[in-house]
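Visitor: Add chain B to chain A, keeping to what the hints say.
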Amino acid sequence: MKRTQFVMITDRGGHLHNALMLLEQMKISPDVFITTLGPDIDALSQGETPIYRVPHLFKWFGKVRVLNPISVVSHFLKAFWLAIRLRPYKVVSLGASNVVVFCFWAKLLGAKIYHVECMNQVKNVSVTAKLLYPICHEIYVQWDELLLQLGSKAKYVGWVL
Amino acid sequence: MIFVTVSTGHFDPLIKECNRLYLSNPEEFSFFGQIGSGFYHPNFPNVNVMTPHELDQKMVEAELVISHGGTGMLSRLYRLKKRAIVIPKQIRYGEANDGQVELAVKWAELGMAVLCMDVKDLSAKIKECRARELTFPQFQKLGATLEKSLI
Chain A
1 MKRTQFVMIT DRGGHLHNAL MLLEQMKISP DVFITTLGPD IDALSQGETP
51 IYRVPHLFKW FGKVRVLNPI SVVSHFLKAF WLAIRLRPYK VVSLGASNVV
101 VFCFWAKLLG AKIYHVECMN QVKNVSVTAK LLYPICHEIY VQWDELLLQL
151 GSKAKYVGWV L
Chain B
1001 MIFVTVSTGH FDPLIKECNR LYLSNPEEFS FFGQIGSGFY HPNFPNVNVM
1051 TPHELDQKMV EAELVISHGG TGMLSRLYRL KKRAIVIPKQ IRYGEANDGQ
1101 VELAVKWAEL GMAVLCMDVK DLSAKIKECR ARELTFPQFQ KLGATLEKSL
1151 I
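Here the protein sequences come in this chain order: A and B.
Our numbering numbers the first residue of the first sequence as 1 and each following residue consecutively.
Our numbering numbers the first residue of the second sequence as 1001 and each following residue consecutively.
In isolation and in its complexed conformation, chain A is listed as follows (with noise of 0.2 angstroms):
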């Protein structure tokens, strides 16, 4: 099966309208977007570059976050089938926790994974920078505070808007 050139992954939310920003400033699009699903994904859907979603790790109940058990083993499965099935060569997260999973899977079958922090990540690095960042081939920080925080991979060139 034919490798995937360039995927990019994000929550959605910030870190989606964060990834739409990104590609604006850039003059590639990915071959594959994966997200998870929400009600702003809809701006994706009307572009050309196809969708794939992710299930949620954790479900909300007002303001609390539960880790789902079925959730969490369909999220595994999902995230395993698609690196499978696309075998990226690289992949650009925006995270949130929703992309770990698929950038672990991705990186074990030889994919270069970048991941650009959320720019409100301002003084602290985010629980995904930090657990992606030992596969990170480069982090993208938004702010240069974080450059401290993180190490020789991290690289502040700007933001996304």
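Derived from the structure by calculation, the hints contain no laboratory data.
This structure is a prediction, so every number in the text was calculated from the model and none was measured.
Yeah, the Cβ is synthetic: ideal placement off N, Cα and C, and Gly gets one too.
Check each hint, because a few of them may be wrong.
Here are the simulated SDA-like pairs of lysine to any residue, each with C-alpha atoms no more than 20 angstroms apart in a straight line [stated by the list, open to error]:
#1 B:Lys1141 <-> A:Asp144
#2 B:Lys1141 <-> A:Ser29
#3 A:Lys155 <-> A:Met26
#4 A:Lys123 <-> B:Leu1150
#5 A:Lys78 <-> A:Phe104
#6 B:Lys1127 <-> B:Met1112
#7 A:Lys112 <-> A:Asp31
#8 A:Lys59 <-> B:Met1112
#9 A:Lys123 <-> B:Ala1096
#10 A:Lys90 <-> A:Trp105
#11 A:Lys27 <-> A:Gln5
#12 B:Lys1127 <-> B:Gly1111
#13 A:Lys112 <-> B:Ala1144
#14 A:Lys155 <-> B:Glu1147
#15 A:Lys2 <-> B:Leu1150
#16 A:Lys112 <-> B:Lys1148
#17 B:Lys1016 <-> B:Gly1036
#18 A:Lys130 <-> A:Ala96
#19 B:Lys1127 <-> B:Gly1036
#20 A:Lys59 <-> B:Thr1008
#21 A:Lys27 <-> B:Glu1147
#22 B:Lys1148 <-> A:Lys123
#23 B:Lys1141 <-> A:Leu147
One side only, chain B facing chain A, incomplete, derived with CB under 10 angstroms [to be verified]:
#24 Met1073
#25 Arg1076
#26 Tyr1078
#27 Leu1103
Guide: Chain B in isolation, oriented as in the chain A frame:
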């Protein structure tokens, strides 16, 4: 018109304070609200959700915008170079974490919005926002560098 927007979640303490101001002086505090999934329904005109296009349109029409501190909303305001007050959702207002505070503070430090950390200060912040000139600094484009790595 002052446009107050809370995205898809809820931020009832903010909407309640806006309603109190509206009832005290509907001309000075002429609000239009996008109240998300909030349980509190104010007396001023409002909707639950808006499309991205409708949001942009309402922001352009508004004299000033009162927004929560979400990345998407602040990005919109930056692009429109809109006069705005940013009030981050916080644990004390029922949010799960204070994740919006860092960005809201940074936004205000850069002069791109007036920061309001307490809904009780809203009236004073509206006055401040009406009087102040905001600045919108330009930054390098991250995508240009990332693109080189991907080719």
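Visitor: Hint by hint, say whether it matches the structure.
Guide: Taking the hints in turn, this is what the structure says about them:
| no. | hint | in the structure |
| --- | --- | --- |
| 1 | B:Lys1141 <-> A:Asp144 | holds (14 angstroms) |
| 2 | B:Lys1141 <-> A:Ser29 | holds (16 angstroms) |
| 3 | A:Lys155 <-> A:Met26 | holds (17 angstroms) |
| 4 | A:Lys123 <-> B:Leu1150 | violated (27 angstroms) |
| 5 | A:Lys78 <-> A:Phe104 | holds (13 angstroms) |
| 6 | B:Lys1127 <-> B:Met1112 | holds (16 angstroms) |
| 7 | A:Lys112 <-> A:Asp31 | holds (15 angstroms) |
| 8 | A:Lys59 <-> B:Met1112 | violated (34 angstroms) |
| 9 | A:Lys123 <-> B:Ala1096 | holds (19 angstroms) |
| 10 | A:Lys90 <-> A:Trp105 | holds (12 angstroms) |
| 11 | A:Lys27 <-> A:Gln5 | holds (15 angstroms) |
| 12 | B:Lys1127 <-> B:Gly1111 | holds (16 angstroms) |
| 13 | A:Lys112 <-> B:Ala1144 | holds (18 angstroms) |
| 14 | A:Lys155 <-> B:Glu1147 | holds (14 angstroms) |
| 15 | A:Lys2 <-> B:Leu1150 | holds (18 angstroms) |
| 16 | A:Lys112 <-> B:Lys1148 | holds (14 angstroms) |
| 17 | B:Lys1016 <-> B:Gly1036 | holds (13 angstroms) |
| 18 | A:Lys130 <-> A:Ala96 | holds (11 angstroms) |
| 19 | B:Lys1127 <-> B:Gly1036 | violated (25 angstroms) |
| 20 | A:Lys59 <-> B:Thr1008 | holds (16 angstroms) |
| 21 | A:Lys27 <-> B:Glu1147 | holds (8 angstroms) |
| 22 | B:Lys1148 <-> A:Lys123 | violated (27 angstroms) |
| 23 | B:Lys1141 <-> A:Leu147 | holds (17 angstroms) |
| 24 | Met1073 | holds (9 angstroms) |
| 25 | Arg1076 | holds (9 angstroms) |
| 26 | Tyr1078 | holds (6 angstroms) |
| 27 | Leu1103 | holds (4 angstroms) |
When the structure is compared with the earlier hints, violations turn up for hints 4, 8, 19, 22 and for no others.
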